[in-house]
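Undergrad: Could you slot chains Z, W and V onto chain C? The hints should help.
There are 4 protein chains.
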Amino acid sequence: MSSNSFGKLLTVTTFGESHGPAIGCVVDGCPPGIAIAPDDFRHDLERRATGRTRHTSQRHEADEVEILSGVYEGVTTGTPIALLIRNTDQRSKDYAKIAEQFRPGHADYTYWQKYGIRDPRGGGRSSARETTMRVAAGVIAKKWLADRFGVQVQGWLSQIGEIVPHGFDLSAVENNPFFWPDTRQVTELELYMDALRKSGDSVGARVDVIATNVPPGWGEPIYGKLDGELASALMSINAVKGVEIGDGFGVVAQKGSEHRDQLTPQGFASNHAGGILGGISTGQPLRCSVAFKPTSSLRLPIDSLDTHGDVVEVITTGRHDPCVGIRATPICEAMVALVLMDQALRHRAQCGDVGEVTPRIPAQRDG
Amino acid sequence: MSSNSFGKLLTVTTFGESHGPAIGCVVDGCPPGIAIAPDDFRHDLERRATGRTRHTSQRHEADEVEILSGVYEGVTTGTPIALLIRNTDQRSKDYAKIAEQFRPGHADYTYWQKYGIRDPRGGGRSSARETTMRVAAGVIAKKWLADRFGVQVQGWLSQIGEIVPHGFDLSAVENNPFFWPDTRQVTELELYMDALRKSGDSVGARVDVIATNVPPGWGEPIYGKLDGELASALMSINAVKGVEIGDGFGVVAQKGSEHRDQLTPQGFASNHAGGILGGISTGQPLRCSVAFKPTSSLRLPIDSLDTHGDVVEVITTGRHDPCVGIRATPICEAMVALVLMDQALRHRAQCGDVGEVTPRIPAQRDG
Amino acid sequence: MSSNSFGKLLTVTTFGESHGPAIGCVVDGCPPGIAIAPDDFRHDLERRATGRTRHTSQRHEADEVEILSGVYEGVTTGTPIALLIRNTDQRSKDYAKIAEQFRPGHADYTYWQKYGIRDPRGGGRSSARETTMRVAAGVIAKKWLADRFGVQVQGWLSQIGEIVPHGFDLSAVENNPFFWPDTRQVTELELYMDALRKSGDSVGARVDVIATNVPPGWGEPIYGKLDGELASALMSINAVKGVEIGDGFGVVAQKGSEHRDQLTPQGFASNHAGGILGGISTGQPLRCSVAFKPTSSLRLPIDSLDTHGDVVEVITTGRHDPCVGIRATPICEAMVALVLMDQALRHRAQCGDVGEVTPRIPAQRDG
Amino acid sequence: MSSNSFGKLLTVTTFGESHGPAIGCVVDGCPPGIAIAPDDFRHDLERRATGRTRHTSQRHEADEVEILSGVYEGVTTGTPIALLIRNTDQRSKDYAKIAEQFRPGHADYTYWQKYGIRDPRGGGRSSARETTMRVAAGVIAKKWLADRFGVQVQGWLSQIGEIVPHGFDLSAVENNPFFWPDTRQVTELELYMDALRKSGDSVGARVDVIATNVPPGWGEPIYGKLDGELASALMSINAVKGVEIGDGFGVVAQKGSEHRDQLTPQGFASNHAGGILGGISTGQPLRCSVAFKPTSSLRLPIDSLDTHGDVVEVITTGRHDPCVGIRATPICEAMVALVLMDQALRHRAQCGDVGEVTPRIPAQRDG
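Residue numbers (the working numbering), protein chains in the order written: chain C, 1 to 367; chain Z, 1001 to 1367; chain W, 2001 to 2367; chain V, 3001 to 3367.
There's no promise every hint is true.
[Claimed, not checked] Calculated lysine to any residue pairs in the SDA-like style (CA-CA distance at most 20 Å, straight line):
hint, chain 1, residue 1, chain 2, residue 2
1, C, Lys255, C, His272
2, V, Lys3255, W, Ala2195
3, V, Lys3255, W, Arg2299
4, V, Lys3255, W, Asp2201
5, C, Lys255, Z, Ile1302
6, Z, Lys1143, V, Cys3351
7, Z, Lys1198, Z, Ile1302
8, V, Lys3198, V, Pro3301
9, W, Lys2143, W, Asn2213
10, Z, Lys1198, Z, Ile1163
11, V, Lys3255, W, Gly2352
12, V, Lys3198, V, Ile3163
13, W, Lys2143, C, Gly352
14, C, Lys198, Z, Lys1143
15, C, Lys255, Z, Tyr1192
16, W, Lys2143, C, Cys351
17, V, Lys3143, V, Asp3039
18, V, Lys3143, Z, Gly1352
19, Z, Lys1143, Z, Ile1067
20, Z, Lys1198, C, Ala253
21, Z, Lys1198, C, Gln254
22, Z, Lys1255, C, Asp194
23, C, Lys255, Z, Gln1262
24, W, Lys2255, V, Pro3301
25, Z, Lys1255, C, Glu188
26, Z, Lys1143, Z, Ile1034
27, C, Lys255, Z, Gly1352
28, V, Lys3255, W, Val2164
29, C, Lys143, W, Asp2089
30, Z, Lys1143, Z, Gly1033
31, V, Lys3143, V, Glu3064
32, W, Lys2255, V, Asp3040
33, V, Lys3143, V, Ala3035
34, C, Lys255, Z, Ile1163
35, C, Lys143, C, Pro215
36, Z, Lys1255, C, Asp39
37, V, Lys3255, W, Lys2255
Just so you know, these hints were derived from the structure itself, not from any lab.
Since we're looking at a predicted model, the values are computed, not measured.
Only chain C is shown next, with the shape it has when bound in the complex:
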């Protein structure tokens, strides 16, 4: 199977380099009868768009999605859906000078070692530009999950550098450029980001994602577990270095008597597991958390090597995010949605549109 494809039954194949003529994806296995229009992609693409605020990269892409196939008279037909976005704002000159340099912390060196050749323009295939198509494909998955099951997938920023939210208000997340759950800290964050940008440095971030109304029974043991697939999907996002489900690394210091989520006639009494047991959804809210490293594209000079092994000073003058984690929120949502839709189809294949199993524990919401 293609290494640029993701998903077993809902299969997304992406292609394209950051500064090539276009990026795109093919979404295969999508059920027929889903209404899809180019405008449906606008909202989420805008949420991850560069140049959205002064706190993110100033690259300006129209990101107009063209639907090339799989949709007839506005409805999916069951054939592969191809989506295309032309690259318009490329500025390859920004990158010409580093074509023969290895930027510390970048994939320049590893692509060179693997393939013996690389497309240096804007990081080529290793650029986060690729994630645009994940978000586009995720829009289809979000729509199907919401229409069929009422599943809602929502992410937010739960940490930037040392800063954590003081409070938590999900409704606040979409009302500030940081996907931050506490409006009172927005000014603080803006000042922090301005100072960071001036310094020429960058910082890491943590993104949390929750999916509600996920039915119990999704996920395929042993090597197709729901949490295993989520881990792969989220770790595959650029700059991710860690993935947690439920309490994540917090479980290391927990006692079993504290961790195990009690089943009661009113539902689960807690949700330390994050909505997954044995790789299968419990019906509780799905909770995961992702760690993003600080981008290594800095204006701060550093010595490195070139393709000849000689020492060179590297300064990255391109347009970059001081905190790549901010725009990663909709990307994480998209990957969670794609995993869930794929698992929903896989469950239907093996177990059918099964009726009620008794008892159906009411999901515990605020876990």
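TA: This is chains Z, W and V only, laid out in the frame that chain C set:
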């Protein structure tokens, strides 16, 4: 592809329930010419074996591996290698009483919801018994990686509950029942585990794994990244709730100027990335860390539900580990080895047994 | 994905060499709730068994199937079903002398070229012994297809050498050792086979398979077409050199006005297509035909080469079928059933258990 | 894995409807360093192009290939290669009238039954228009196979209706519009086709393909056999109803003493097997043959049903080939080339770039 199969080119398919007649696996895609004997499996199976010390489950399994196919006159032939282990010490009676109960924190409830039926004997398919075959398959991968590339994969316990190692001595790890890197703490750990067992409770743990001598260039962008595959492989292990690569969640609070690993003629100056950039190995030591939840099989009673939705009191009197993380060390090693061998074959397929790419940065060892 | 695995959602992985300790398979993706017992396998295994009549190989295998996993209290649980058959009647001595020889028409030479090593005992992995597990797995598929959809899969021998059936009576097929549809020719066939066996030679054969009550809509364009999957499944059977769907090669000389099957309110007026259009089932009987080459294991001596490149005379004195096509009938049925069940699950995944689409053309039966 | 994807390591994913905005493909797994330019696709696309002669459909497509990704400065980088062709000559009006009709012999009915919706414009996804991208992808495979191994893949028409070649001259094939191996019959074929077109009817055809210089050892037993993959690849081409390897159905009447290809120090004495034994290449020329049904798009009226189940008269007035098999020749070549390249990469993965195995039998050329 089977959800009980793992790996694209080195494909491991496992089968078997905890208290069924046997467990086994089929390892397909293994190169011909590798010497394999039943004794080769003994060491790692012993490392993960139950009943190894009083600090782990007292289930005693001989775990004798029978090689059913794929090996002729002691050498692999390139055909599928089937390994079989008969279950001998089953004691199903231990579990009879909970056949209709949902143990909090277990997969009982989710298997029931997914399939409408489950094998309750010892947790059936969801039991950690399945991981025995991962370790067995991992032995083949470890052998090939060591012989072909000198790759060494070593894990250790880096945290139990609140306890962390005071010092780090890799040579100490195999000399105590806790895979602990600081011998001076062994007595402390024994006392801690004794008290825990007496209390009827359990605790979580963290396992670290390092792989050295991994050549640069292994890993397939975008959805077959080395770190993505590792995340999936490790998260698929029973009780795992978090996976980190390199500095993991530590990157959230890092600055880019701190995180980026500098390339020098003497090698990388640091290894915050954990040996992976852009999903491809750098040639540095591969570093990952895994969080294990505390087992939910406790002697401490708790109210739960039965399959009829009625409230029942659950007490688990079977043989269980107060800290499942301890025996998980060789399991984590096995999954890392299987991922690496699979990626090595995938790299060879696309890029061949490529010669030297210049420059070949010397790996930084002590990162 | 493993090259010893077959099927996308119903995945069958086989292992084992002809004269190794055992052969077996793992059937994954099977829906839960199907009643399966060891006795269920007996009938079809007996139909393909060696030593069934004097007209087939005199190797006598008990072929007792042990169910190792995936079945609890006689019912499938949704976890992988492992089936094992021990090899009992091996007589490796029969083959010792040809360990270093390449038998013309056998896989000896190609396995040697590919792997640089081979298991010479009874042809090792390339032996038709492997097909025993296809038949065993096929039993599960046949049962599910019959219970869920009333699908019946039946094969027969439609040619041996130059001999073709004079008449066609499906009920006759199971009442003679040749799966022949015209009882009146059985004596003629027995005399033919006796003479052939005496001569030390072998002959080819053609097997036809029909599947009735296949619902319309099964099959996934473009590269998962029902006919494409059937072609792959049937061509993968030992000694197969050709596969036809519907009229097969007969279409080359047909006119479009003759070939196209007319749709009428009473159903299709003909079935030249063999029940498949555009890679999707029409609801008509599925018709396919397979060509089996004559076995190359002959008592007739022939010069060949050994592994050193020297000329050697080869005489195969082992127990072999003068016409391997005879016993291939249940194998073909099994592969058709496995393809159909896999496609049924794939269809359900993407399109659900869809209700009636109008118009549902009544299937034309006698095509 | 996507059902619109083909190949395990060299994975081709196609998309697009006959009269949608565009068709395209993504070729993943291609080794780096292969020189590819848009002009490279022109020759084979022209060979399969409609409107090439008066004997084929008069639809005129420019078929200009745009390379969207995976190629940098004219060389493949190892990242997915996306190819796009805009549809220009669509004439949807030709098809408007049959939007609600089921054309006998077409996929109209089965797509409707499967998906409950279909794109009727030019047959939508089921149109042979899709094969354009197979030919484009095949160009890359042909180039790599020729450069690396000297493999040549050549097809020709071996039968139209009742007409078979009187002689065989491979050099003649590319010098007439019928890919016919005997120039002396071209006039006869032109008259035959003119009469056929006037009659409004169509006819079937047979295409043969040979691949020379294929190294021994390619092909993966058991379910990834070279012949199994070829059968799937060729059967997946529109209108194909039969596939043969080597002597194909001719083996049914053969004796084993006649069929088995003798190994001699000078090479194989014959090639009845068609270059494959046990699913692995022998080093002899690979021979396969494919049966194409007559197109069902006829000007001859016929009663059929519409989507409401009512009887309607169908007349297809679009632009169609009276013999689709003619233009299928380069499509068959492309599929053979794609299978061979995929198997070459798979072989390299498991067995490496193996050196000489002794004895390397000289291939027998004229088999």
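Undergrad: Evaluate each hint against the coordinates.
TA: Hints versus structure:
| no. | hint | in the structure |
| --- | --- | --- |
| 1 | Lys255(C) - His272(C) | 12 Å, holds |
| 2 | Lys3255(V) - Ala2195(W) | 13 Å, holds |
| 3 | Lys3255(V) - Arg2299(W) | 13 Å, holds |
| 4 | Lys3255(V) - Asp2201(W) | 7 Å, holds |
| 5 | Lys255(C) - Ile1302(Z) | 14 Å, holds |
| 6 | Lys1143(Z) - Cys3351(V) | 17 Å, holds |
| 7 | Lys1198(Z) - Ile1302(Z) | 17 Å, holds |
| 8 | Lys3198(V) - Pro3301(V) | 14 Å, holds |
| 9 | Lys2143(W) - Asn2213(W) | 14 Å, holds |
| 10 | Lys1198(Z) - Ile1163(Z) | 18 Å, holds |
| 11 | Lys3255(V) - Gly2352(W) | 49 Å, violated |
| 12 | Lys3198(V) - Ile3163(V) | 18 Å, holds |
| 13 | Lys2143(W) - Gly352(C) | 17 Å, holds |
| 14 | Lys198(C) - Lys1143(Z) | 51 Å, violated |
| 15 | Lys255(C) - Tyr1192(Z) | 13 Å, holds |
| 16 | Lys2143(W) - Cys351(C) | 17 Å, holds |
| 17 | Lys3143(V) - Asp3039(V) | 13 Å, holds |
| 18 | Lys3143(V) - Gly1352(Z) | 17 Å, holds |
| 19 | Lys1143(Z) - Ile1067(Z) | 16 Å, holds |
| 20 | Lys1198(Z) - Ala253(C) | 18 Å, holds |
| 21 | Lys1198(Z) - Gln254(C) | 17 Å, holds |
| 22 | Lys1255(Z) - Asp194(C) | 15 Å, holds |
| 23 | Lys255(C) - Gln1262(Z) | 41 Å, violated |
| 24 | Lys2255(W) - Pro3301(V) | 14 Å, holds |
| 25 | Lys1255(Z) - Glu188(C) | 18 Å, holds |
| 26 | Lys1143(Z) - Ile1034(Z) | 8 Å, holds |
| 27 | Lys255(C) - Gly1352(Z) | 49 Å, violated |
| 28 | Lys3255(V) - Val2164(W) | 16 Å, holds |
| 29 | Lys143(C) - Asp2089(W) | 59 Å, violated |
| 30 | Lys1143(Z) - Gly1033(Z) | 12 Å, holds |
| 31 | Lys3143(V) - Glu3064(V) | 19 Å, holds |
| 32 | Lys2255(W) - Asp3040(V) | 36 Å, violated |
| 33 | Lys3143(V) - Ala3035(V) | 9 Å, holds |
| 34 | Lys255(C) - Ile1163(Z) | 13 Å, holds |
| 35 | Lys143(C) - Pro215(C) | 16 Å, holds |
| 36 | Lys1255(Z) - Asp39(C) | 37 Å, violated |
| 37 | Lys3255(V) - Lys2255(W) | 34 Å, violated |
In terms of the numbered hints stated before, the structure departs from hints 11, 14, 23, 27, 29, 32, 36 and 37, listed from lowest to highest.
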